[in-house]
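Work out the full structure: start from the sequences and follow the hints.
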Amino acid sequence: MRTSAIVASGTITELVGRASSGRTSVFISCLRDVTARGALAAVVDTDHVFDPVGAGRAGVELSRVLWVRCGHRLDRALRAVDLLVRCPGFALVGLDTGDVTPRLALGTAYRLKLAVRRTGTALVVVSGHRVVGSGATLAFAACRRDVAWTGPRPAPSRLEAVETALEVLRARTPVAELRPGAVHRVTLRA
Amino acid sequence: MSPFACAWVPFFAVAAFERAEPALVERPVVVVRGHGAAARVAEASGAAREQGIAPGMTEAEARARCPLIVARAWCDERVASARHALLEAALTVSPRIEDGGPGIVHVDTAGLGRLVGDTRAIVDRLIRQVRAVGLGVCVGVAASRTAARLAAQAGARVTIVPPGGERTFLAAVPLAALELPADVAATFARWGIRTLGELAALPRRSLGDRLGAAGLRAHDVALGLDREPFRVHVPEPYWEEAQGLEWEIAMLEPLLVVIERVLARLCDRLGVVHVSVDGVDLELTLASGATHHRAIALAYPTRDLRLMRALIAVDLEAHPPPSAVVGVTVRARPAVARPTPAGLWQPPAPAHRDLAVLLTRLTEVVGGDNLGAPSLLDSHHPDAFTLRPFVAPAAVATPGAHEDREPEPRVMLRRKQPAAAVEVETTGGRPRAVASDGRWARVLACAGPWRMSGEWWDTRAWARDEWDVLLADTRLCRLAHDRLADHWQLIGVYD
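Same order as they appear, the protein sequences are chains A and B.
Per this note's numbering, the very first residue in the first sequence carries number 1; after that it's consecutive.
Per this note's numbering, the very first residue in the second sequence carries number 1; after that it's consecutive.
Keep in mind the hints are simulated off the structure, nothing from the lab.
A couple of the hints might just be wrong.
With the C-beta cut set under 7 Å, the calculated list includes, among others, these residues of chain B facing chain A [to be verified]:
| hint | residue |
| --- | --- |
| 1 | Tyr238 |
| 2 | Arg353 |
| 3 | Asp354 |
Computed list of chain A residues with no C-beta within reach of chain B, every gap over 12 Å [as the list claims (entries may be wrong)]:
| hint | residue |
| --- | --- |
| 4 | Thr11 |
| 5 | Gly17 |
| 6 | Arg86 |
| 7 | Thr108 |
| 8 | Ser134 |
| 9 | Arg179 |
Note that the Cβ used here is the ideal one computed from N, Cα and C, for glycine as well.
Structure below.
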């Protein structure tokens, strides 16, 4: 599956998973695709976890990324996302809610859903578990399957790759490969 | 249709002051040159002339004739601003105009019929545009520029000379309407010539023999002929308005009132030609003779008077002029229009105004330090980045962006900001167990060390060994051992 299939204009996509599951890497890959075609993107970072150095090495055009750090305040993050998805012109808005996040109120999720539909922005929510509920068009659960090391044995000297499985939890789209329950393997190179 | 229209602003120097100070309209106004007893009237308004005041009088004599007159010292900047405003207004009617001197502009109306309408519609539009920049105007229309100018100065607000009727119209115009050399005017007076019709009836050859080139030139004018070719005025970028003050202003509030008036005139000019600016330069002339410069950058192109006035007020509160102000000059930097989206196949970008508003609101939410575009610094340090103000760059696709084969995703790190201190048990220098938040986790696999150091020549020297470790609680982390301080840190979690 192409990671660009995760970003659909005018919809909300959720990427959930435990720590080290690969959800952030998949999101950064989407960010790279969006900025590489000349579009603008925004990252709303609740817990200051965005790594600009790594993102730059991964190919993200950093000058096209608006980074909003919210000081560990989810309410600020939601207000920032609400402003961003109402501004036409951002192709992708990413919300990293941190590891411990309460489920969004139904009204908040519905408000975001209408806003992205109106402006054509793709909103990707990265969190530990599903928080948007029925407001999301797509939802994926990331789960790490394997870690590959390289270097002379017996002590490896370098992390080579991480293999992650993306399971489709929810899909309100006619795309066949995104049917609920489908599992897609993604190899993340170090 | 007559091809030329002439817009004439009566008593132009006075009109320039009335434009800057609308309260002067309807009052007897004189503009004087010189100071004290040597001050002489350079220009007088219509109301002042009705009181018997004429240019050349001393100011004292003018006040003796009319004690209620308002006198203003001549200001070159104000007159120049009004002159440019008149030319810009005329340019909105026709691209072919000629600067006929202070307060006079000739407009070539050829070809405007299909665009604007008949002659009357063109005249109405010209009057409307000139009034929009704060000047009253009389307009004359004729087949030649000379006849059009004399028609404009005939006294009526609008005088349209029908095609072929120039000779008939000019025949009744008094000879005093021409600005003839004194000796030539005296000769004509001695000959009993009082109108242009009488002058045009004189034999041209004999007139040339007796009066030379000056006589022939006057004869051409009497016939309504243009001796000079039409010199098309090409506007130069001159977005400047100025106002000299007769009094010193030391306080900010009254100074802002003056600045607002100057800005209003500038915005009127910008509005006429539909130009927005992205920066304003303010130059205050101080009583000491020095100048106080301020450059105010606008977040997005605009000609909003209230916005620019507020920004200037905020800037002057932070950087007040060091002494009293005696002159104000405001220059505008026209913005280069940038299309949105940048190209047919490029994705759309936010409009400048929308982006500026968004960034302002986000700043209110998270603070200015937490907002911007990340930028990498020229350093080997893993945290070497900074935040720069976010500006939408030109949308140019990166080479290879539309290739069918996507590059493979890279494993990314969720950084701990700041890095968290952890306890690490080691065996043979390699991590064996890690304790974070008081819980120990066994290391299942690890890779490293990757030795890094930098800025050893400075007090900010750093040196550390980095490890990638897989913990028993499923986390894949990056640890760092600070070799200078001898402690371990959790840099982040691979995710």
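We went through each hint and held it up to the structure:
At a threshold of 7 Å, the smallest CB-CB gap from tyrosine 238 of chain B to chain A is about 35 Å, leaving the interface hint violated. This hint is violated: arginine 353 of chain B has a C-beta 11 Å from the nearest C-beta of chain A, more than the 7 Å allowed. Below 7 Å, beta-carbon pairs count as interface contacts, and aspartate 354 of chain B has one with chain A at about 5 Å; its hint therefore holds. Listed as a non-interface residue, threonine 11 of chain A keeps its Cβ farther than 12 Å from every Cβ of chain B; the least gap is roughly 16 Å.
Distance to chain B contradicts glycine 17 of chain A as a non-interface residue, since its nearest Cβ pair spans about 8 Å, not more than 12 Å. Annotated as non-interface, arginine 86 of chain A brings its C-beta within 12 Å of a C-beta of chain B; the closest such distance is 8 Å. Non-interface status of threonine 108 of chain A relative to chain B is upheld: no Cβ of that chain comes within 12 Å, the nearest being about 15 Å off. Once the 12 Å rule is applied to beta carbons, serine 134 of chain A is consistent with being away from chain B; the minimum gap is 26 Å.
Distance check for arginine 179 of chain A against chain B: the nearest CB is about 22 Å away, which clears 12 Å, and the non-interface claim stands.
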